[in-house]
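**Q** Next come the chains, spelled out residue by residue.
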Amino acid sequence: MFWARQLHKMGLLGMNQRNAGYVMPHNPRRLYPLVDDKLKTKKLAQDAGIAVPELYGTIEIEHDIPKLASIVEKYEDFVIKPSQGSGGNGIVVVVGKRGDKYIKASGDMITTEALAHHCSNILNGLYSLGGSADKAMIEYRVKFDPLFEHVSYRGVPDIRTIIFRGVPVAAMVRLPTRASDGKANLHQGAVGAGIDLRTGKTIRAVCKERVITQHPDTGMDIAGLQIPHWDNLLELSAHCYDLAGLGYMGVDVVLDAERGPLVLELNARPGLSIQIANGMGLLKRLNKIDCMADVPKSAEARARLGKELFGSSPEIAVAS
Amino acid sequence: MSKLHVRLLALILTVIGVWMVSYKVLELGLPLTPADETEVWSVEARLEFITRPGAVKLDFPILNDPPGFIVIDEDFISNNYGLATEMEKGNRLARWAVRRASGKQTLYYRAVLYQDPEANKDAGKSPPKFPEKPDYPEPYKSAVTSLLAQVRSESADIQSFTQQLLTRLNAVEPEENAAVLRDGLQSPEQIVANMVDILAGARIPARVVYGLRLKDGMRHGRLEPWLQVHDEKRWLTFNPFTSATGLPPDVVLWRYGTGPIAEIKGARSVNVEFSVARNLRELVDISRQRAKLVGSRIMDFSLYSLPIQAQNVYRVLLMIPLGAIVVVFMRTFVGIKTFGTFMPILIALAFRETEWLWGMLMFILIVALGLGLRFYLEQLKLLLVPRLSAVLIIVVLLMAGISVIGNQLGLELGLSVALFPMVILAMTIERMSLVWEESGPREALTRGVGSLVVASLGYAVMSSKTLAYQVFVFPELLLIMLAITLLAGRYTGYRLLEYWRFRALAQEQISQDKAVGTGS
Chain A
1400 MFWARQLHKM GLLGMNQRNA GYVMPHNPRR LYPLVDDKLK TKKLAQDAGI
1450 AVPELYGTIE IEHDIPKLAS IVEKYEDFVI KPSQGSGGNG IVVVVGKRGD
1500 KYIKASGDMI TTEALAHHCS NILNGLYSLG GSADKAMIEY RVKFDPLFEH
1550 VSYRGVPDIR TIIFRGVPVA AMVRLPTRAS DGKANLHQGA VGAGIDLRTG
1600 KTIRAVCKER VITQHPDTGM DIAGLQIPHW DNLLELSAHC YDLAGLGYMG
1650 VDVVLDAERG PLVLELNARP GLSIQIANGM GLLKRLNKID CMADVPKSAE
1700 ARARLGKELF GSSPEIAVAS
Chain B
125 MSKLHVRLLA LILTVIGVWM VSYKVLELGL PLTPADETEV WSVEARLEFI
175 TRPGAVKLDF PILNDPPGFI VIDEDFISNN YGLATEMEKG NRLARWAVRR
225 ASGKQTLYYR AVLYQDPEAN KDAGKSPPKF PEKPDYPEPY KSAVTSLLAQ
275 VRSESADIQS FTQQLLTRLN AVEPEENAAV LRDGLQSPEQ IVANMVDILA
325 GARIPARVVY GLRLKDGMRH GRLEPWLQVH DEKRWLTFNP FTSATGLPPD
375 VVLWRYGTGP IAEIKGARSV NVEFSVARNL RELVDISRQR AKLVGSRIMD
425 FSLYSLPIQA QNVYRVLLMI PLGAIVVVFM RTFVGIKTFG TFMPILIALA
475 FRETEWLWGM LMFILIVALG LGLRFYLEQL KLLLVPRLSA VLIIVVLLMA
525 GISVIGNQLG LELGLSVALF PMVILAMTIE RMSLVWEESG PREALTRGVG
575 SLVVASLGYA VMSSKTLAYQ VFVFPELLLI MLAITLLAGR YTGYRLLEYW
625 RFRALAQEQI SQDKAVGTGS
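First to last, the sequence lines map onto chains A and B. Under the working numbering, the first residue of the first sequence is numbered 1400, with each subsequent residue one higher. Under the working numbering, the first residue of the second sequence is numbered 125, with each subsequent residue one higher.
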């Protein structure tokens, strides 16, 4: 354990401290339903003018299932997902229509009846945590920014930002791999790449808690990628603080080729791996924000504050 | 502020706990560690019956200087019944009576026994009369006559005669005569009474006696029948089913003769159950007397004042906080992931009955089989509650299957699988399959192994005799445990496994520091 003292020195945030020092004091329990239910989050976000994948419709009771066809009638492609699902289960992505059948992302055909049955399963709580009754959301299918095409294996790359008291403190992009089965979950072997808050460029990447430079499946370099719409994305993430009121949270954003950054979901207990992805401990950054009496009111100012405090200094960026 | 609050609370709890323990140790002289040499047995007979309204009279045989034991203490819980003890046909009877009673009635007889092989050796020394040869009906008459003739020719004295007879009667495939005599007998009482009857054919005095096997923690025990034969000098005891001679040292003779154990007027039947516990009652008695002298009533409120049946329950219950401490330690300080917070403790409790290795094997077997079937259920897309119930039913089936197969293979431990908490097993299988689906097999196996590691540690702690004794005699230790968990609840340091998880970061930092060091 010769490295034990190093972890203290670099201000690494541990699980106990995250829970006792940040999650419990800053995230009141009564706010959890707002982030656990994606439908509620989405409605709050829409009201606050935060960009989210557009909601085409919801199915809340069995009786509404026949309406599915009329909801998706106007759209060529869409996504059906459970509003309280976890781990990406129960999501059906439809990329097109042929006759009265739909084409799934995998290329398979699916009939309207099968889609209706899937909705029924969602309502019955097949995919929700704890199996409680759930709702089905039908929403816009995100067209991923081509930037990530070469550094992800299928699946949905997303950008996770930790927001403390409304200020972004760290960010990483999560890239699915073959090992993670197309899921952007670092636990299962997805790649996490830390992002420089000032420039929006990836710094370095980790996979399975090891530092890597190339994507394990595609072999492309991961460091130095410029995340498009970075300023916009950071401000969007900071803005999410206003809608849920969670003091310590993770915001997951996806990049759409046409509509730019869209907020996918909020997380009241963001994981600790972001520290490995960025090669730094969170504590020092969190302490800086904790010491402030006030944080700026506007999301834009908070995003700027995060960049100034935690981004690389411009000289270094020039030098490299 | 809140951290200070927690610390103060923990401090107060610890002070109270330590004060109470030291008072009990220093003032009342309760030993801190279990003392083996002063082991005593507490025996309790619980008589339960439902009366019709009206008078009740109940006769119950009680201990009468049993060979090999000294009765240190004896008491009755009689409620509003009148109580008298008297001798009748070699038994000492407790005679309870009440003029008016109705509904469910419970009476207790308790005794504290001290094991002493030399005690009451001469019990029942007076020689009995030789029994008259009974007039057996046919076909028994000829069967008895020829069986006794055979046995007589192959034996030298009464002891070997009896042994021969028992061996023949107990043979797995008995010869014709023995089979006739054995036919139709079911209860152990009938079988032993029949042996007495056959021995009477050889004019050998024999009788049925009932003994209680002393087994620590026994709760719903019953008396077992034994066969005694008089060899003109003393009574010899035989195990009627194995033909072994002599009364084992852990069996205490309770009564002589056949018939229902308790005779009652005013109720249909009496349910008699025996509880046994090994403890240090004697030492506590001394302490209790001293407590009376000092004027302290603390011992009146100790767990020893409870009925033995309840004491045995608390012996188990008080181990659970110890297990909880293990879980807190392993999760908060070490960072091992488990399925369900307290699942490992319940598994560890089951290990206490099954033994560790066997318990581990059976747990792994059931969970692995259950998980396989659960993956099949996954395909059927069942709703939550029916799915959980299906898993529960599968678990019960698996347990029954393991018991039956284990029994066929002659593995007695296979039967102990029934002690596993099946609801917990079902939930473990369900959770494990969910984690398997959502986070991959590696995570699921990591947590499974974590659960077993915590359960094993919990078992190690909970099976410690010293700790079990200490929490039972000093339940105020729970206050100290509470203080520890409160403090752990505010621990914000790293978990041990986080050092491993973030090792790459730390090594990087070290090499960076070195680079800076050489640069400047």
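Derived from the structure by calculation, the hints contain no laboratory data. All values derive from a computational prediction rather than experimental measurement. Mixed in with the good hints, there may be bad ones.
Derived coverage of chain B by chain A (criterion: at least 3 residues anywhere in the stretch with Cβ under 8 Å from a Cβ of chain A; other residues may be distant) [said to hold, decoys possible]: (1) 563-571; (2) 609-621; (3) 624-637.
With a straight-line cut-off of 20 Å between C-alpha atoms, the simulated EDC-like cross-links for lysine to aspartate or glutamate are [unchecked claim]: (4) B:K339 / B:D321; (5) B:K505 / A:E1461; (6) B:K461 / A:E1608; (7) B:K461 / B:E397; (8) A:K1607 / B:E562; (9) A:K1687 / A:E1664; (10) A:K1607 / B:E299; (11) B:K213 / B:D321; (12) A:K1439 / A:E1453; (13) A:K1607 / B:E567; (14) A:K1442 / A:D1651; (15) A:K1442 / A:D1580; (16) A:K1683 / B:E632; (17) A:K1683 / B:E212; (18) B:K505 / A:E1512; (19) A:K1607 / B:E600; (20) B:K265 / B:E212; (21) A:K1408 / A:D1651; (22) A:K1466 / A:E1512; (23) A:K1408 / B:E299; (24) A:K1503 / A:E1608; (25) A:K1408 / B:E198; (26) A:K1600 / A:D1641; (27) B:K127 / A:D1689.
No residue lacks a Cβ here, since even glycine has one placed at the ideal position from N, Cα and C.
**Q** Now look at each hint and say whether the structure bears it out.
**A** Comparing the hints with the structure gives:
no.: 1; hint: 563-571; in the structure: holds (count 3)
no.: 2; hint: 609-621; in the structure: holds (count 7)
no.: 3; hint: 624-637; in the structure: holds (count 10)
no.: 4; hint: B:K339 / B:D321; in the structure: 31 Å, violated
no.: 5; hint: B:K505 / A:E1461; in the structure: 17 Å, holds
no.: 6; hint: B:K461 / A:E1608; in the structure: 18 Å, holds
no.: 7; hint: B:K461 / B:E397; in the structure: 43 Å, violated
no.: 8; hint: A:K1607 / B:E562; in the structure: 17 Å, holds
no.: 9; hint: A:K1687 / A:E1664; in the structure: 26 Å, violated
no.: 10; hint: A:K1607 / B:E299; in the structure: 74 Å, violated
no.: 11; hint: B:K213 / B:D321; in the structure: 19 Å, holds
no.: 12; hint: A:K1439 / A:E1453; in the structure: 14 Å, holds
no.: 13; hint: A:K1607 / B:E567; in the structure: 12 Å, holds
no.: 14; hint: A:K1442 / A:D1651; in the structure: 16 Å, holds
no.: 15; hint: A:K1442 / A:D1580; in the structure: 30 Å, violated
no.: 16; hint: A:K1683 / B:E632; in the structure: 18 Å, holds
no.: 17; hint: A:K1683 / B:E212; in the structure: 87 Å, violated
no.: 18; hint: B:K505 / A:E1512; in the structure: 17 Å, holds
no.: 19; hint: A:K1607 / B:E600; in the structure: 47 Å, violated
no.: 20; hint: B:K265 / B:E212; in the structure: 33 Å, violated
no.: 21; hint: A:K1408 / A:D1651; in the structure: 29 Å, violated
no.: 22; hint: A:K1466 / A:E1512; in the structure: 12 Å, holds
no.: 23; hint: A:K1408 / B:E299; in the structure: 86 Å, violated
no.: 24; hint: A:K1503 / A:E1608; in the structure: 33 Å, violated
no.: 25; hint: A:K1408 / B:E198; in the structure: 68 Å, violated
no.: 26; hint: A:K1600 / A:D1641; in the structure: 26 Å, violated
no.: 27; hint: B:K127 / A:D1689; in the structure: 18 Å, holds
Checked against the numbered hints given earlier, this structure breaks hints 4, 7, 9, 10, 15, 17, 19, 20, 21, 23, 24, 25, 26; the rest are met.
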